[in-house]
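Enquirer: Next come the chains, spelled out residue by residue.
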Amino acid sequence: MKVISVNNLTKTFGTFTAVDNISFEVTKGEIFGFLGANGAGKTTAIRMLCGLSKPTSGTGMVAGFNIETESEKVKASIGYMSQKFSLYEDLKVWENIRLYAGIYGVPEKNISAKIDQHLQTLGFEKERETLVKALPLGWKQKLSFSIAIVHDPKIVFLDEPTGGVDPVTRRQFWELIYQAANRGITIFVTTHYMDEAEYCDRVSIMVDGKIEALDSPKNLKNKYSSKNMDEVFQRLARKASRDAD
Amino acid sequence: MLKFLIEKEFKQIFRNPYLLRLIIVMPFMVLLVLPLAANFEVKNINLSIIDNNHSPYSERLIHKISSSGYFKITDVSSSYEKALYSIEQDVADIILEIPSQFEQELVKEKSSNLLISANSVNGTKGGLGSVYLAGIVSDFSNEIREEWIQSSNRITTPSFTIVQQYRYNPHLEYPIYMVPALVVMLLTQICGFLPALNIVAEKEKGTIEQMNVTPVKKFTLILSKLIPYWVIGFAVLTICFGVAFLFYGLFPLGNLSTIYLFASIYVLAISGLGLVVSNYANTIQQAMFMMFFFVMTMIFLSGLYTPVNSMPDWAQFISRFSPLKYFIQVMRLVYLKGSSLTELLPKFFALIGFAIFFNAWAVLSYRKSK
Amino acid sequence: MKFFSASQEKLREMPIDMRQFLIFIKKEFYHITRDKWTMAVLLLLPILMLLLFGYAITTEVKNTRLAVYDPSHDKATEAIINKLQANDYFILSQILTEPNEIEKVFQEGDIGLVIVFGERFYENIMHTGEAQIQLITDGTDPNTATTLTNYAMNIISSYRLEILTTNNIPFQIVPNIKLLYNPQMKGAFNFVPGVMGMILMLICAMMTSISIAREKEMGTMEILLVSPMKPIFIILSKAVPYFVISIVNLTTILLISVFIMGVPIAGSFFWLITLSLIYIFLSLALGLLISAIVDSQLIALLISGMALMIPIIFLSGMMFPVENMPIGLRIISEILPAKWYIVAVKNLMIKGLGFSSIINELLMLSGMTIFFLAISLKKFKIRLE
Chain W
1 MKVISVNNLT
11 KTFGTFTAVD
21 NISFEVTKGE
31 IFGFLGANGA
41 GKTTAIRMLC
51 GLSKPTSGTG
61 MVAGFNIETE
71 SEKVKASIGY
81 MSQKFSLYED
91 LKVWENIRLY
101 AGIYGVPEKN
111 ISAKIDQHLQ
121 TLGFEKERET
131 LVKALPLGWK
141 QKLSFSIAIV
151 HDPKIVFLDE
161 PTGGVDPVTR
171 RQFWELIYQA
181 ANRGITIFVT
191 THYMDEAEYC
201 DRVSIMVDGK
211 IEALDSPKNL
221 KNKYSSKNMD
231 EVFQRLARKA
241 SRDAD
Chain U
1 MLKFLIEKEF
11 KQIFRNPYLL
21 RLIIVMPFMV
31 LLVLPLAANF
41 EVKNINLSII
51 DNNHSPYSER
61 LIHKISSSGY
71 FKITDVSSSY
81 EKALYSIEQD
91 VADIILEIPS
101 QFEQELVKEK
111 SSNLLISANS
121 VNGTKGGLGS
131 VYLAGIVSDF
141 SNEIREEWIQ
151 SSNRITTPSF
161 TIVQQYRYNP
171 HLEYPIYMVP
181 ALVVMLLTQI
191 CGFLPALNIV
201 AEKEKGTIEQ
211 MNVTPVKKFT
221 LILSKLIPYW
231 VIGFAVLTIC
241 FGVAFLFYGL
251 FPLGNLSTIY
261 LFASIYVLAI
271 SGLGLVVSNY
281 ANTIQQAMFM
291 MFFFVMTMIF
301 LSGLYTPVNS
311 MPDWAQFISR
321 FSPLKYFIQV
331 MRLVYLKGSS
341 LTELLPKFFA
351 LIGFAIFFNA
361 WAVLSYRKSK
Chain R
1 MKFFSASQEK
11 LREMPIDMRQ
21 FLIFIKKEFY
31 HITRDKWTMA
41 VLLLLPILML
51 LLFGYAITTE
61 VKNTRLAVYD
71 PSHDKATEAI
81 INKLQANDYF
91 ILSQILTEPN
101 EIEKVFQEGD
111 IGLVIVFGER
121 FYENIMHTGE
131 AQIQLITDGT
141 DPNTATTLTN
151 YAMNIISSYR
161 LEILTTNNIP
171 FQIVPNIKLL
181 YNPQMKGAFN
191 FVPGVMGMIL
201 MLICAMMTSI
211 SIAREKEMGT
221 MEILLVSPMK
231 PIFIILSKAV
241 PYFVISIVNL
251 TTILLISVFI
261 MGVPIAGSFF
271 WLITLSLIYI
281 FLSLALGLLI
291 SAIVDSQLIA
301 LLISGMALMI
311 PIIFLSGMMF
321 PVENMPIGLR
331 IISEILPAKW
341 YIVAVKNLMI
351 KGLGFSSIIN
361 ELLMLSGMTI
371 FFLAISLKKF
381 KIRLE
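Chains as they are written, first to last, in our numbering: chain W, 1 to 245; chain U, 1 to 370; chain R, 1 to 385.
Calculated from the structure, these hints are not laboratory results. Among the clues, some could well be false.
As the list claims (entries may be wrong) - Mimicking DSSO-like on lysine-lysine, the simulated pairs with C-alpha atoms at most 30 Å apart in a straight line are: (1) LYS203/U x LYS154/W; (2) LYS203/U x LYS36/R; (3) LYS54/W x LYS239/W; (4) LYS217/U x LYS109/W; (5) LYS154/W x LYS217/U; (6) LYS133/W x LYS84/W; (7) LYS43/U x LYS178/R; (8) LYS43/U x LYS351/R; (9) LYS210/W x LYS2/W; (10) LYS75/R x LYS110/U.
Construct the complete structure from the given sequences, taking the supplied hints into account.
Expert: What follows is the structure, given as structure tokens:
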């Protein structure tokens with residue numbers, strides 16, 4: 001079953017083409033890695049899929065809804081974690097969870113059970129009453145993820161979720177991702193860490209707004225006769241003409 | 001959904017120490033300190049006197065002036081040059097020169113001249129001061145005329161009396177006039193400025209982006225920003241009624257519910273304006289400057305400090321587009337004259353118009369996705 | 001590596017690298033000029049304020065709507081009504097037919113003064129002396145009310161004088177009124193110095209403090225501070241663009257006041273500019289001081305608004321006469337830099353007095369500048385170490 005299918009999606013800002021005619025599909029339950037150098041157009045593409053930005057041309061279906069005409073329905077069935085930390089720092093941990101559960105329409109009577117469950121999964125029982133601004137970065141990121149899936153969305157979009165996070169916490173973060181995938185949530189993730197790319201079922205590599213390669217990490221390594229994903233990435237990204245932003 | 005968002009706003013407001021303090025301290029600051037300062041009353045005008053006559057008449061005149069309550073004699077000079085120097089030094093505001101033949105002329109020719117020179121750099125003070133002084137001089141000439149008439153035994157003098165009456169504020173107390181209007185300024189800040197700055201701050205921090213990927217509707221999000229400030233606005237309004245009563249003994253002659261009704265429409269209008277600003281501004285600095293620009297114009301043209309009727313036509317025209325003007329008038333009318341809704345209907349519809357206009361603009365200019 | 005450390009050393013030897021300083025200033029200019037909204041507001045603000053304060057805000061009372069209740073309808077009442085209408089102060093807008101309409105017209109809020117004549121007015125003037133005019137003023141605004149009553153009294157008194165002179169009753173003292181410095185009583189003469197004091201303070205102190213606070217809040221200040229520039233020059237480079245903008249604003253204000261509003265520069269131009277420059281430095285020093293204390297834009301905004309702008313509007317004597325205020329407020333007014341500046345500008349610009357008239361103000365402002373600059377530099381040092 002396809003949960004994301006994109007056809008010839010393009011976004012231009014003036015004369016600059018940020019996303020250039022990309023097409024791909026993602027199946028349910030998959031962990032889909034969306035790779036590319038800075039400025040390759042990943043964030044723009046994700047923003048279109050989430051209904052934050054309108055495509056210049058092309059179509060996309062997410063969770064069975066058209067991203068252009070049914071963006072509100074799309075929003076109800078996805079979770080999103082942005083590159084920049086964007087939870088409320090002046091709210092406590094449980095208050096943030098409660099807020100987003102409420103917004104996504106989790107019934108009031110289930111919310112406190114939901115909070116307990118998420119705190120337990122995260123191992124945050126002691127931090128329940130902590131203001132979010134007092135948490136270390138890695139913890140904040142784990143909390144963000146947990147909140148992005150608080151309403152059991154069909155798909156969750158993660159935009160560089162582990163940027164600046166230490167290796168141990170990154171490890172724990174990926175465990176959370178696997179847990180979610182096992183529950184049937186499709187994961188759409190961008191990252192800079194090539195070791196993380198290895199954890200994905202399939203990865204696409206974007207260069208200058210176009211998708212240059214899309215396959216499982218194993219097949220990609222074979223195709224480009226590389227030892228690891230880092231080499232694959234280096235080969236493809238070398239062709240890039242855009243400067244990183 | 002709305003419930004959770006409003007809950008969140010309240011938690012944030014109560015957790016911000018500066019904001020909370022501001023909201024509590026402001027009503028007292030504005031209502032207790034500003035009326036003391038924002039007072040145009042011209043009193044204690046400093047007078048420099050050159051008495052070239054030194055006669056019983058000239059001394060009677062000087063005595064009359066100094067006991068009028070408006071003037072304070074701060075300088076007695078022997079020449080006009082010296083008196084002028086005291087004006088340059090800001091020791092005196094007005095010079096009164098009594099000619100050397102003052103009494104003689106009055107007795108012989110039954111008329112005399114006086115010279116009044118006023119420093120009119122500050123037009124109000126100079127102008128009003130000289131009008132008051134001329135008034136006292138004319139009273140003085142009435143007085144001596146009466147004496148002359150009595151002594152000369154003429155019976156049928158044509159005369160009439162002028163009776164003055166000040167309605168609504170018989171003792172002409174300035175705070176009574178300012179306090180109801182200053183409440184409007186407070187509401188403007190709390191329900192117009194604060195939600196706008198709040199939204200812009202979320203933009204600057206990036207938290208609004210997370211909201212934008214949720215299924216929350218534009219309308220719901222905006223409402224969740226406004227409702228808490230409306231609640232606070234009404235709480236502050238009620239505190240203001242209390243402060244006005246406790247410190248100034250001021251209670252509306254009209255109906256309190258009329259004020260609440262108008263306040264609820266006004267608050268809608270002014271928070272709509274705030275939202276418009278927040279939609280165009282990307283940083284707090286920008287938002288603040290736009291607000292400063294518009295709100296300052298509106299406040300000064302609203303008649304809060306100076307009467308709208310005295311403004312030039314173009315300013316009166318612009319003032320029609322200031323929602324503050326209507327609500328300030330309403331507050332003063334209901335508080336001091338006891339006007340009721342029927343008399344205030346035109347102002348009521350004007351405010352409803354503003355509320356619809358600003359909020360429609362705000363909703364249209366708000367972009368959840370670009 | 002060798003090259004790097006050598007250049008580091010060289011930098012340390014050099015007192016100031018002017019070129020680096022200029023690069024920083026350029027960066028600040030980019031920040032400001034790219035923000036179109038703020039730029040527009042900064043340049044339009046002085047013009048708006050001059051228009052508002054120079055023309056719109058006037059404490060003069062004009063065009064008051066008048067209602068008359070006149071049961072007599074004789075030649076005396078007619079003459080008085082005509083006299084009242086024959087100037088800018090009053091506009092006859094309603095003739096009342098019954099006394100109980102008075103309350104109603106006041107409640108609608110348009111009428112400022114109701115004149116009620118007694119019955120058989122003229123007859124009573126001539127024979128019984130019991131003729132009466134009632135001036136009922138809307139007292140809600142005391143300032144307007146007293147002014148209105150005074151105007152009306154003067155006008156009616158002149159009628160009294162007329163009937164007296166026609167009946168050969170003497171005694172009058174004619175005051176000759178002379179208005180010094182501002183014979184047409186233009187509000188601009190009073191407000192221009194005030195607007196100058198306000199705008200320069202707004203741009204220099206408020207903007208500088210907010211823009212430094214912003215860099216602190218965003219964390220970009222740290223990056224600047226680790227650069228080889230001396231911290232003091234980084235801070236100064238933030239002040240330079242606002243210095244330039246305030247010079248532009250000062251020029252705009254002076255041009256508009258002289259050529260459009262007809263406010264003269266009666267005294268020394270040189271001293272006016274010198275005085276203004278000192279005041280600008282003073283305001284920048286205050287801005288630096290605020291930014292040294294606070295960490296967030298909102299607080300910088302609140303402090304500069306509460307501690308600088310509101311007092312300037314209300315306590316500097318620009319709008320409201322300071323003499324009537326309670327002693328506490330008068331003391332605050334005395335320590336406001338803007339008050340000293342405004343007094344000196346009035347002396348120089350409007351009254352045309354010489355240098356000797358502003359020595360006190362000049363010394364006071366210079367003293368304050370040095371004082372604030374010293375404190376803010378000290379504060380910065382403490383924070384940086």
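Enquirer: Enumerate the violated hints, using their earlier numbering and listing them in ascending order.
Expert: none
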